[in-house]
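Colleague: So the sequence lines, in the order shown, correspond to chains A and B.
Quick note on my numbering: the first sequence kicks off at 105 and runs consecutively.
Quick note on my numbering: the second sequence kicks off at 152 and runs consecutively.
Accuracy of the hints is not assured; some may be wrong.
[Unchecked claim] Simulated restraints, written as ranges between beta carbons of each label pair:
| # | chain 1 | residue 1 | chain 2 | residue 2 | range |
| --- | --- | --- | --- | --- | --- |
| 1 | A | 175 | B | 276 | 18 to 28 Å |
| 2 | A | 170 | B | 273 | 48 to 58 Å |
| 3 | A | 121 | B | 187 | 55 to 65 Å |
| 4 | A | 211 | B | 409 | 30 to 40 Å |
| 5 | A | 211 | B | 258 | 27 to 37 Å |
| 6 | B | 198 | A | 175 | 48 to 58 Å |
| 7 | B | 284 | A | 129 | 49 to 59 Å |
| 8 | B | 258 | A | 229 | 36 to 46 Å |
| 9 | A | 315 | B | 258 | 23 to 33 Å |
| 10 | A | 306 | B | 276 | 43 to 53 Å |
| 11 | A | 178 | B | 258 | 48 to 58 Å |
[Claimed, not checked] Cβ-to-Cβ under 8 Å is the rule here; a few derived chain B residues that face chain A:
| # | residue |
| --- | --- |
| 12 | 343 |
| 13 | 345 |
| 14 | 352 |
The hints are simulated quantities; they were obtained by calculation from the structure and are not laboratory data.
Backbone N, C-alpha and C fix where the C-beta goes; we use that ideal spot for every residue, glycine too.
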Amino acid sequence: MADVTLRKVVKRYDDVEAVRGIDLDIADHEFVVLVGPSGCGKSTTLRMIAGLEDITDGDIMIGGDVVNDVPPKDRDIAMVFQNYALYPHMTVAENMSFGLRLKHYPKAEIKTRIDEAARMLDIVELVDRKPKQLSGGQRQRVAMGRAIVRNPKVFLFDEPLSNLDAKLRVQMRIEIKKVHQKVRTTTVYVTHDQVEAMTLADRVVVMNKGRIEQIGTPNDLYHHPATRFVAGFIGSPAMNFLPCRLEETSGQLHVRLTDRIAFALPPARAAHYQSVARNEKLLLGLRPEHIAEAKAHPEPGVEPFDAVLDVTEPMGMETFVYFTLEGTQVCGRVSPNAGARATGPLRLAVDLNNMHLLNEGTGAVI
Amino acid sequence: MASTLVIDKAAPTRTVKYGSMSRDRTWALRWSYFFLTLFAIFSLVPPIYMLITSLKSSAEISAATNPWWVFHPTLANYVQLLTSNQFLTFFRNSALVSILVVTITMLISVPAAFALARMRFWGSATLATGVFLTYLIPDTLLFLPLFKMFAVFGDWTGIHLIGKWYVLVIVYPTLTVPFCTWIMIGYFASIPKELDEAAIIDGASWFQTLTRIFIPVAMPGLIAATIFAFTVSWAQYLYPLVFTTATDQLVLPVGIITTLIKGDVFNWGQIMTGALLGAAPPLIIYAFLMDYYIAGLTAGATKG
Numbered sequence: 105m106a107d108v109t110l111r112k113v114v115k116r117y118d119d120v121e122a123v124r125g126i127d128l129d130i131a132d133h134e135f136v137v138l139v140g141p142s143g144c145g146k147s148t149t150l151r152m153i154a155g156l157e158d159i160t161d162g163d164i165m166i167g168g169d170v171v172n173d174v175p176p177k178d179r180d181i182a183m184v185f186q187n188y189a190l191y192p193h194m195t196v197a198e199n200m201s202f203g204l205r206l207k208h209y210p211k212a213e214i215k216t217r218i219d220e221a222a223r224m225l226d227i228v229e230l231v232d233r234k235p236k237q238l239s240g241g242q243r244q245r246v247a248m249g250r251a252i253v254r255n256p257k258v259f260l261f262d263e264p265l266s267n268l269d270a271k272l273r274v275q276m277r278i279e280i281k282k283v284h285q286k287v288r289t290t291t292v293y294v295t296h297d298q299v300e301a302m303t304l305a306d307r308v309v310v311m312n313k314g315r316i317e318q319i320g321t322p323n324d325l326y327h328h329p330a331t332r333f334v335a336g337f338i339g340s341p342a343m344n345f346l347p348c349r350l351e352e353t354s355g356q357l358h359v360r361l362t363d364r365i366a367f368a369l370p371p372a373r374a375a376h377y378q379s380v381a382r383n384e385k386l387l388l389g390l391r392p393e394h395i396a397e398a399k400a401h402p403e404p405g406v407e408p409f410d411a412v413l414d415v416t417e418p419m420g421m422e423t424f425v426y427f428t429l430e431g432t433q434v435c436g437r438v439s440p441n442a443g444a445r446a447t448g449p450l451r452l453a454v455d456l457n458n459m460h461l462l463n464e465g466t467g468a469v470i
Numbered sequence: 152m153a154s155t156l157v158i159d160k161a162a163p164t165r166t167v168k169y170g171s172m173s174r175d176r177t178w179a180l181r182w183s184y185f186f187l188t189l190f191a192i193f194s195l196v197p198p199i200y201m202l203i204t205s206l207k208s209s210a211e212i213s214a215a216t217n218p219w220w221v222f223h224p225t226l227a228n229y230v231q232l233l234t235s236n237q238f239l240t241f242f243r244n245s246a247l248v249s250i251l252v253v254t255i256t257m258l259i260s261v262p263a264a265f266a267l268a269r270m271r272f273w274g275s276a277t278l279a280t281g282v283f284l285t286y287l288i289p290d291t292l293l294f295l296p297l298f299k300m301f302a303v304f305g306d307w308t309g310i311h312l313i314g315k316w317y318v319l320v321i322v323y324p325t326l327t328v329p330f331c332t333w334i335m336i337g338y339f340a341s342i343p344k345e346l347d348e349a350a351i352i353d354g355a356s357w358f359q360t361l362t363r364i365f366i367p368v369a370m371p372g373l374i375a376a377t378i379f380a381f382t383v384s385w386a387q388y389l390y391p392l393v394f395t396t397a398t399d400q401l402v403l404p405v406g407i408i409t410t411l412i413k414g415d416v417f418n419w420g421q422i423m424t425g426a427l428l429g430a431a432p433p434l435i436i437y438a439f440l441m442d443y444y445i446a447g448l449t450a451g452a453t454k455g
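With the sequences and hints as input, model every part of the structure.
Modeller: Following this line, the structure appears as structure tokens:
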């Protein structure tokens, strides 16, 4: 087991810079998820840690040793691929033991390790089958088993659940978490699915255009995003961004959305935003759950307004409502009993205690 | 709930075209059977004619009775050929040449294809195309320069290969290696890249990746290439005709023609028997390898 460190790592293909100098410290036993849209450089970063891609510049360290020029087999890592990459002509047991057999481990040792991994992954009765006789979820378990038996310093997962259907994905997500809780191996996990990132990670690394946007715990990223990209990427449905500006009327700081709608900021927020220039172009960031039905006795900082709904999406436990504000579609989350009909007026309230204010030009959260 | 009753007034007059899909299928099947039958007749008539003729005595053949019927069946032709040392020598030469050529071809083209398909190096794509272009040059164009090369080589070194059966072991791979390499490049390229990456991470060297992952996974392709190499070397006629002359150095196709046709005397019964016996080994090999060939060994490697 070991920590993984990336220092100013760059990957350049001919004239395209896929990874643009990223720094990352992954602690021993930590589960870190790299997340971002396709083409953000997350997979390239993982493949550089694995040694499947050369690095153009910078250093990668595993367990304190620089491994820039160390071949993959000597890095003591194991990788799980999106399409499983099981050897089709070998049984499950042979697939799992391939690496150990190449290293000439004693037979008894190999058998113990396979038994242990198979029990952990609940595939004991499958060990004599060939990959083509297995379902997608079972294949993914075998791929994980192949990684576990090696007992490596680091696990690398490259979008391992993308090929599974939604229900199985949730189930395997829990399996992966369970396995990590048992073996405690340092793990780097790549996904484009922010839900996977949030649910699995100790820390999430949000990447965009070859750079790291923000590193933090899932809650950190959700509640304190640093940039518009992170704020919009983490959370589903995504955060609403409404063009706005600050104005001061009779000593009270307001956030003005339209000519008709302006909300008074609660004192804590007002103090925080005191130094922001008035009339600067800003964006008000509000998550759907902070736009809810208006209550008779609102808490301080919760401001009511009237909306005309375009669409409602009943989800059972909650109902998403969509309405348009100055040309921008806004999503709110109301209780199923709030009386939201398919279309029509509804009195909603915004919770400004949880608001974010972003600079429209730079996208930075203020 | 009487109001939910729906009366479809158009129903009685509607003309329904049921099962047009299955009708299309039926026609497709009929056409396929028609062409398959035609194809089967074309390809089966010659061997059947050979078999009938091989069971006739020379007297019956020259009597020009019904060519499609044997009135006095005899195995004399078979006995004569299978007890003739000459014929057995041809057979042995053919077998040795073919087995050695197949072995050499596989030893060269499998690693070559692996390198060209997987190890990206400078000029690898050009080289892969070049390999295929080599195959496009007809052997009728190649035999003269090849003959000249061996003659010059003999003059310089004193090692005279021309006239010996084993010269064919060196000559045939010029035909088989390019094509087999090309087939194997295709098969290797169809193996998902993650498979070799997984092997590399598991600690396999390039050689181990080839022998323990690529060769077993690409077995159908390997067999296709083997069959091709074997067929080419077993049935090749022009090169042995040019490169070998002494009777004890001949391979089967040339041997049958040169020894069983004496001047204008055609020993038809034995020629047909020899051709049939000569066609047997490839047939047996096909029959054995066909199951392997069809089995989709790559299924289950990745999703789908």
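Colleague: Hint by hint, say whether it matches the structure.
Modeller: Now the hints, each set against the structure:
no., hint, verdict
1, A:175 x B:276: 18 to 28 Å, "holds, 25 Å"
2, A:170 x B:273: 48 to 58 Å, "violated, 28 Å"
3, A:121 x B:187: 55 to 65 Å, "holds, 58 Å"
4, A:211 x B:409: 30 to 40 Å, "violated, 59 Å"
5, A:211 x B:258: 27 to 37 Å, "holds, 32 Å"
6, B:198 x A:175: 48 to 58 Å, "holds, 56 Å"
7, B:284 x A:129: 49 to 59 Å, "holds, 53 Å"
8, B:258 x A:229: 36 to 46 Å, "holds, 41 Å"
9, A:315 x B:258: 23 to 33 Å, "violated, 50 Å"
10, A:306 x B:276: 43 to 53 Å, "holds, 44 Å"
11, A:178 x B:258: 48 to 58 Å, "violated, 30 Å"
12, 343, "holds, 6 Å"
13, 345, "holds, 4 Å"
14, 352, "holds, 5 Å"
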